[in-house]
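Please take these sequences and the hints and turn them into a complete structure.
Residue-level listing of the chains:
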Amino acid sequence: MKIGVVGKGGAGKTTVAGILARSLAESGHRVIALDCDTNPNLGIALGLGLEETARLIGIRQALDEGSEEHAPTVPELLERFGAQAPGGIRLAVVTKIEKPNSGCG
Amino acid sequence: MIRLALVGKGGSGKSVIAGTVARLLARDRQRVLALDIDTLPGLAFSIGLGRIPDAGMPEELGQRREGQGWVLREDISAEALVDRYALDGPDGIRFLQLGKLPGHVRPGSTVAFRHVVDSFHAPGWSIVGDLAAGTRQGFAGWAGFASLVAIVAEPTEAAFLSMRRLAGLAETMPAIRIGIVLNKIRGEVGIRTKLADLGIPVWAEIPYDESVAVAEREGVAPIDVAPECQAMALIAGLTTRLCGLAREEVVV
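Line by line, the protein sequences give chains A and B.
The first sequence begins at 0 in numbering that gives the first Met the number 0 and counts up one residue at a time.
The second sequence begins at 0 in numbering that gives the first Met the number 0 and counts up one residue at a time.
These are computed hints drawn from the structure, not numbers from a lab.
Since no wrong hints were added, every one of them can be taken at face value.
Just the calculated beta-carbon pair ranges, DEER-fashion:
(1) Val4/A <-> Arg64/B: 33 to 39 Å
(2) Gly48/A <-> Arg64/B: 41 to 47 Å
(3) Met0/A <-> Val224/B: 42 to 48 Å
(4) Pro226/B <-> Thr72/A: 55 to 61 Å
Backbone N, C-alpha and C define an ideal beta-carbon position, used for all residues, glycine too.
Pasting the structure below:
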């Protein structure tokens, strides 16, 4: 299954997403957690810790900047850019904006 | 007279602080332009306007120009737009919604209205702009009108990560002053030492206040229904501090 968690700022999307991911993983599912927030902190909710979460790079940025070759498959993207979070969850950040003018407005 | 942008993580309380600061400035007989730059607007509630209809400006006022992207049409001045499209709020505030335009619009067209705030320089006006949650708008230049940027944050680890990222705004905006407003504090502020390492001053520490939460639940301005509560007093202190910082700029 694929679950998207949406809502207004501060509603608790990240917390809910993190708990959902951990719960699914604990009940035996293989789980990919995608942080689609441009100010990503799902890693913290998953238990990855602040610095590990901060270190994750956005897949989109890495590809845009040309520092990485395009991986041909989704599993390869996850392998190359993702991080291993507690519970065996594979976490990846889709797009991250932490530099001036890196967005489109 | 201040030009203040509020940024921060979702749910940190940017709108409540923006709305209250704007109201306090207006009560201090300043002319105030309050801007809801959020793509999911909500500042109208904290200002005391309640639920408003689609309040943004029509997309036709912007145009896409080769090499420049979305800009305002040349025959329109920012002052005229504010005059024509801003809503009248309590205490004489003028309120303008910029982050969301009415109806369905073309992608990116809201950027045209960034030029409204950038080029609004009517003398004697204070501007308080409430940005969308996260880092995207700030780093795309939406705080460019401001000389003061308040990062509003709850004292959490995730908020600290956001603050650390937002601190990078100083790179593009060397002239601005950035400060932190710690909000909704309950119990110990464990991140105090980390904040000191960040090198950004803490402008205010505001505790979690049930009166503010009730006002938010009802969609009314906390300053209208709970003017005596502790959070309001501390936001008043913040406002005084911001005015002081702005005065220093003038002197320098």
